[in-house]
Amino acid sequence: MSNPLIDMQKPDVIFCIGTNMTECHPVAATGLKKAIARGAKMIVADPRKIPLADMADVYLPLRVGSDVALLGAMAHVLVRDGLVDESFIAERTSGYPELKAHVAKFTPQWAEGITGIPAADIERAARMYGEAERGAIYYTLGITEHICGVDNVQSLCNLALLTGNIGREGTGINPMRGQNNIQGAGDAGALPNNYPGFQAVTDPANQAKFAKLYGHEIDLEKGMTKVTALELCGDKIRAMLIDGENTVVTDPDRKHCEHALSSLDHLVVIDLFLTDTGKLADVVLPATAWAETDGVCSNTERRVQRLRAAVPAQGEAMPDWWIVSQIAKRCGIPGFDFESAADVFNELCSLSPIYAGLNWDIIDKGEYHWPVPEMGHPGTPILHQGVFENGRGLFKLLEYRDPAETIDADFPVWLTTGRRLESYHSRTQTGRSSGIDYLLWEETLEVHPDDVESWGLRDGDFCTMTSARGSVRIKVEATNRSPRGTVFTSFSFADVRVNDLTGSGYDPITQTAELKVCPVRIEREQATV
Amino acid sequence: MTQVKPTSGAGRIVLDGDSVEFGAGESILEVATRHARDVPTLCYDPRLDAFGGCRLCVVEVEGVRNPVASCARAAEDGMVVHSSTATLEKYRKTLVEMVCSENRQVDVDPLSGLASQELAALADRYDARTGRFAGAQSGCSYEDDDNPFILRDYDQCISCYRCVRVCAEQEGDFAISIKNRGFGTQITVEFDGLLNASACTFCGQCVQTCPTGALADRKALRYADTPGEIEKTRTICTYCGVGCSVDVLTKGDRMVGVQPAMDGPANQGALCVKGQFAYDFVQHEDRLKTPLLRGEDGELHPASWEDALERAADGFLKALEEHGRHSVYAVASGRAPHEAAYTTQKFIRAGFWNNHVDNCSRA
Ligand code: SF4
Ligand code: SF4
Ligand code: FES
Chain R
753 MSNPLIDMQK
763 PDVIFCIGTN
773 MTECHPVAAT
783 GLKKAIARGA
793 KMIVADPRKI
803 PLADMADVYL
813 PLRVGSDVAL
823 LGAMAHVLVR
833 DGLVDESFIA
843 ERTSGYPELK
853 AHVAKFTPQW
863 AEGITGIPAA
873 DIERAARMYG
883 EAERGAIYYT
893 LGITEHICGV
903 DNVQSLCNLA
913 LLTGNIGREG
923 TGINPMRGQN
933 NIQGAGDAGA
943 LPNNYPGFQA
953 VTDPANQAKF
963 AKLYGHEIDL
973 EKGMTKVTAL
983 ELCGDKIRAM
993 LIDGENTVVT
1003 DPDRKHCEHA
1013 LSSLDHLVVI
1023 DLFLTDTGKL
1033 ADVVLPATAW
1043 AETDGVCSNT
1053 ERRVQRLRAA
1063 VPAQGEAMPD
1073 WWIVSQIAKR
1083 CGIPGFDFES
1093 AADVFNELCS
1103 LSPIYAGLNW
1113 DIIDKGEYHW
1123 PVPEMGHPGT
1133 PILHQGVFEN
1143 GRGLFKLLEY
1153 RDPAETIDAD
1163 FPVWLTTGRR
1173 LESYHSRTQT
1183 GRSSGIDYLL
1193 WEETLEVHPD
1203 DVESWGLRDG
1213 DFCTMTSARG
1223 SVRIKVEATN
1233 RSPRGTVFTS
1243 FSFADVRVND
1253 LTGSGYDPIT
1263 QTAELKVCPV
1273 RIEREQATV
Chain C
362 MTQVKPTSGA
372 GRIVLDGDSV
382 EFGAGESILE
392 VATRHARDVP
402 TLCYDPRLDA
412 FGGCRLCVVE
422 VEGVRNPVAS
432 CARAAEDGMV
442 VHSSTATLEK
452 YRKTLVEMVC
462 SENRQVDVDP
472 LSGLASQELA
482 ALADRYDART
492 GRFAGAQSGC
502 SYEDDDNPFI
512 LRDYDQCISC
522 YRCVRVCAEQ
532 EGDFAISIKN
542 RGFGTQITVE
552 FDGLLNASAC
562 TFCGQCVQTC
572 PTGALADRKA
582 LRYADTPGEI
592 EKTRTICTYC
602 GVGCSVDVLT
612 KGDRMVGVQP
622 AMDGPANQGA
632 LCVKGQFAYD
642 FVQHEDRLKT
652 PLLRGEDGEL
662 HPASWEDALE
672 RAADGFLKAL
682 EEHGRHSVYA
692 VASGRAPHEA
702 AYTTQKFIRA
712 GFWNNHVDNC
722 SRA
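If you're matching them up, the sequences are chains R and C in order.
Going by this note's numbering, the letters in the first sequence line up with residues 753 to 1281, in that order.
Going by this note's numbering, the letters in the second sequence line up with residues 362 to 724, in that order.
Looking at chain R on its own, in the form it has when it is part of the complex:
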């Protein structure tokens, strides 16, 4: 997030797109509710009529995967009606004349044809955001899990740059991170393109720096993304270490994943439970869980916080850092003589410019937002104040592209996926916490009541849902949350393997899977008895 969570109470206009925040980030959503109680207006864009939509002043029910068209049309209105911040554009951006010319063709009428949102509502939303003193954008995986995920994010950046809604309190572009330390995994360098602290591996200066630190020169080329690596398992990739990820359940296209991991010569999985991924491994190593582990995590607002162990490990489980270090030592790799989590974290701080002012003791109270470039620096709750890190904010010229697969006669219905409040990912944790079943005990497919009727289904009965990759059996739930022609389910229950269906494509830049869009066919289940 460019701005801290506390800022969520401060905007005059909130624009939520592709985020089911009340279910996925409930505590953050309470900040928005307070802003609204204070008089803030809210625009919500989402294919489903999620709970946030009920609180919105303008609700934009866009067709799945049509975000770039909607956002392009909003930019069109801002430019056409002069709702842009001229001085911000002059001082801090480049490429405005080009953008202005580029968005001229994205009329709200044109976008209506693609998104299905009435042009008048697009106009209203654009004007509302454009007239805000403090406008803030919030998004989640509904924006990024598309083949055009990067285009979606850049379209949002264009809106913020046009209106100067960045670098100030109560504004910004704010992705909400889904996993507790997904931000931290990136901060710590678990990325194929970056060393710790987002230092590019392609920069020879960084290469030289790490050659000194790690005792050998490291490739200047980026590594493979996980998606590519999975494709090359058994070919170029022969051995894999997977830490705490239930790949075959959470990644798209399950058959492909299982096949990939089974074709490895060597698979080592570190986890809390014997997951479906672990069952394919040669070696499974038990890690300590949350509440058993000392460590550090970064939240969605870049706040660096301490995790503390409260109970002893179960059985012989050990911390992940210890396990990886032991394997490394046995492979003869130097530099793994860590004796504590503090040792590891302090080494990370010593070589990451955004953590240069941090160490294990300083972060005890969790008051720092990175970057913290030197000792004594107070941290950076709001990014891009006064100046962008790379100079000027560059407007990007984007074109709408169809999703990797679109509906047709064989697969006439849009399936979109997400999370529910009470469960988390593959439920290896929430599913093993008592009482959660009381709230959420089975997977359902959310279908508009009129579709339920016209497709010959019945609320509460099972149906068969089929995509180009596979088929699942799932219970129908009639609800007005789904628009007509679009159905929704989560990917939380092992007995409904929704990722047998998904996986139609990937964003060409980030290789994020298009989990949000998948054309399917839905049939009433034939009576078997």
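Don't read these hints as lab results, they were simulated from the structure.
Since this is a predicted model, take the numbers as computed values, not measurements.
Wrong hints could be hidden among the right ones.
As the list claims (entries may be wrong) - List time: in silico DSS-like cross-link candidates among lysine-lysine, alpha-carbon distance up to 27 Å: (1) C:K593 to C:K650; (2) R:K762 to R:K801; (3) R:K1031 to C:K679; (4) R:K1227 to R:K801; (5) R:K974 to R:K1148; (6) R:K974 to R:K964; (7) R:K1081 to C:K650; (8) R:K974 to R:K988; (9) R:K786 to R:K762; (10) C:K650 to C:K612; (11) R:K1081 to C:K679; (12) R:K786 to R:K1117; (13) R:K1031 to R:K988; (14) R:K1148 to R:K857; (15) R:K1031 to R:K1081; (16) C:K679 to R:K974; (17) R:K1117 to C:K593; (18) C:K612 to C:K593; (19) R:K1007 to R:K1031; (20) R:K988 to C:K679; (21) R:K1117 to C:K612; (22) R:K961 to R:K1081; (23) R:K1031 to C:K650; (24) R:K762 to R:K1117.
As the list claims (entries may be wrong) - What the simulated footprint calls covered on chain C by chain R, stretch by stretch (three residues with Cβ under 8 Å from a Cβ of chain R suffice, anywhere in the stretch; the number is not a length): (25) 593 to 603; (26) 606 to 615; (27) 690 to 702.
From the three backbone atoms N, C-alpha and C, an ideal C-beta is built for every residue, glycine too.
Place chain C with the ligands on chain R using the hints.
Same frame as chain R, but now just chain C with the ligands:
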């Protein structure tokens, strides 16, 4: 219900003879608390709008005839305030006695909730367990709500409305409402039914603010009879990226519950159902207890750390030898701490001199 929003500029008041400063908008209670005065409260939760219902926090203000509820009255420049006088203490004692007499039970298990000991502490402070006002009890218990998280025992309710206000003001959910007025007042949910049929999301905030245990953490109370002192360890919720601060409650080696941290920088005391209640996977019997190795028979078998680490390392070395240094790949977790991701990337970069490492954010 007097709903007074303290609004006035900064200035000074005389508090028990000392001249002290106050900030814009501070209530008398906040100023007094900041200056180490222990003014008793019951309907007060610092996160919520002042309510002024229980009158336990009354103070004397010179020139004002009746004692004023300090939580609901803004400090004003030049005010002369007495926070503790014999008259006030007597009045407070009577109030606590009346409240205690209405409740079946003053002492409740501390696992009931974060604020659950407030009434008992006041009863001790004012030696108020005299039963002087013993008589009718308001409220009514709702024991047939079978939800596994929130116990509703309205015999214990003192109508402080903290639960109602936290639900409305903090959560914006409005699942809890007030039925009837005066002595017949009851806290209830929409349509008087089960929480699960209401707008309730089971965030547990009502449980944590209830000063009497009328709303209590049913899940934690399973361990009420487990021997041992309750210890609290401050950590961060393991689920989403908001990063809420929590205290993990333990008795010996057993995790018995979770409470929100009121001073948590990302959440200021708020939690959702996952952070509040979905913690017991940690000590679930399905946890892996030893390393597992795939045997000759193709099955996974328990093994020693020594053998498992040896085998893990051998496989990577073999790949390196036979297929070169670009044949090894690592995926770091988005759920484990920094140290896991850092060592994983270092394993690849320092060991195989390439950048074949990623995390699971792409899924
Ligand atoms: S249930 Fe508890 S918090 Fe709610 S009004 Fe009664 S005593 Fe107060
Ligand atoms: S308590 Fe809920 S909102 Fe807070 S970090 Fe945990 S899952 Fe996220
Ligand atoms: S605490 Fe002030 S009236 Fe209750």
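Taking the hints in turn, this is what the structure says about them:
Only pairs whose Cα atoms come within 27 Å are accepted, and K593 of chain C paired with K650 of chain C is accepted, the gap being roughly 25 Å. Only pairs whose Cα atoms come within 27 Å are accepted, and K762 of chain R paired with K801 of chain R is accepted, the gap being roughly 25 Å. Of the pairs offered as hints, the one joining K1031 of chain R and K679 of chain C holds, with about 22 Å between alpha carbons and a cut-off of 27 Å not exceeded. For the suggested pair K1227 of chain R and K801 of chain R, the alpha carbons sit about 20 Å apart, so the restraint of at most 27 Å is met.
Only pairs whose Cα atoms come within 27 Å are accepted, and K974 of chain R paired with K1148 of chain R is accepted, the gap being roughly 24 Å. For the given pair, K974 of chain R sits about 19 Å from K964 of chain R by alpha-carbon distance, which is consistent with the 27 Å threshold. A threshold of 27 Å between alpha carbons decides the hint, and for K1081 of chain R with K650 of chain C the separation of about 23 Å falls inside it, so the pair holds. Restraint check for K974 of chain R and K988 of chain R: satisfied, since their Cα atoms lie roughly 15 Å apart, inside the 27 Å limit.
For a cut-off of 27 Å, the pair hint linking K786 of chain R to K762 of chain R stands: about 9 Å separates their Cα positions. As the CA atoms of K650 of chain C and K612 of chain C are separated by approximately 21 Å, the hinted pair is consistent with the 27 Å bound. Proposed proximity of K1081 of chain R and K679 of chain C is supported: the alpha carbons are some 15 Å apart, at most 27 Å. Pair hint K786 of chain R plus K1117 of chain R holds up; C-alpha atoms about 26 Å apart against a cutoff of 27 Å.
This hinted pair checks out: K1031 of chain R and K988 of chain R have alpha carbons roughly 23 Å apart, not beyond 27 Å. For the hint linking K1148 of chain R to K857 of chain R, the alpha-carbon distance of about 15 Å falls within 27 Å, and the restraint holds. For the hint pairing K1031 of chain R with K1081 of chain R, the CA-to-CA distance comes to about 25 Å; that is within 27 Å, so the pair holds. Restraint check for K679 of chain C and K974 of chain R: satisfied, since their Cα atoms lie roughly 24 Å apart, inside the 27 Å limit.
Between the alpha carbons of K1117 of chain R and K593 of chain C the distance comes to roughly 16 Å, so the proposed pair stays at or under 27 Å and holds. For the suggested pair K612 of chain C and K593 of chain C, the alpha carbons sit about 9 Å apart, so the restraint of at most 27 Å is met. For the proposed pair K1007 of chain R and K1031 of chain R, the alpha carbon gap of about 15 Å is at most 27 Å, so the pair holds. Note on K988 of chain R and K679 of chain C: the hinted pairing holds, with a Cα-Cα distance of about 14 Å set against a maximum of 27 Å.
Simply put, K1117 of chain R and K612 of chain C have alpha-carbon atoms about 24 Å apart, close enough for the 27 Å limit, and the pair holds. Under the criterion of a C-alpha separation no larger than 27 Å, the hint pairing K961 of chain R with K1081 of chain R is consistent with the structure, at around 22 Å. For the suggested pair K1031 of chain R and K650 of chain C, the alpha carbons sit about 15 Å apart, so the restraint of at most 27 Å is met. Of the supplied pair hints, the one linking K762 of chain R and K1117 of chain R holds, its CA atoms being roughly 24 Å apart against a limit of 27 Å.
Judged by the Cβ-Cβ criterion of 8 Å, the stretch 593 to 603 of chain C is covered by chain R as claimed, because 10 of its residues qualify and three suffice. Counting residues of the stretch 606 to 615 of chain C whose CB lies closer than 8 Å to any CB of chain R gives 5, which reaches the minimum of 3, so the coverage claim holds. Under a criterion of three residues with beta carbons nearer than 8 Å to beta carbons of chain R, the stated coverage of the stretch 690 to 702 of chain C is upheld, 13 such residues being counted.
Every hint, counting from the list given before, is met by this structure.
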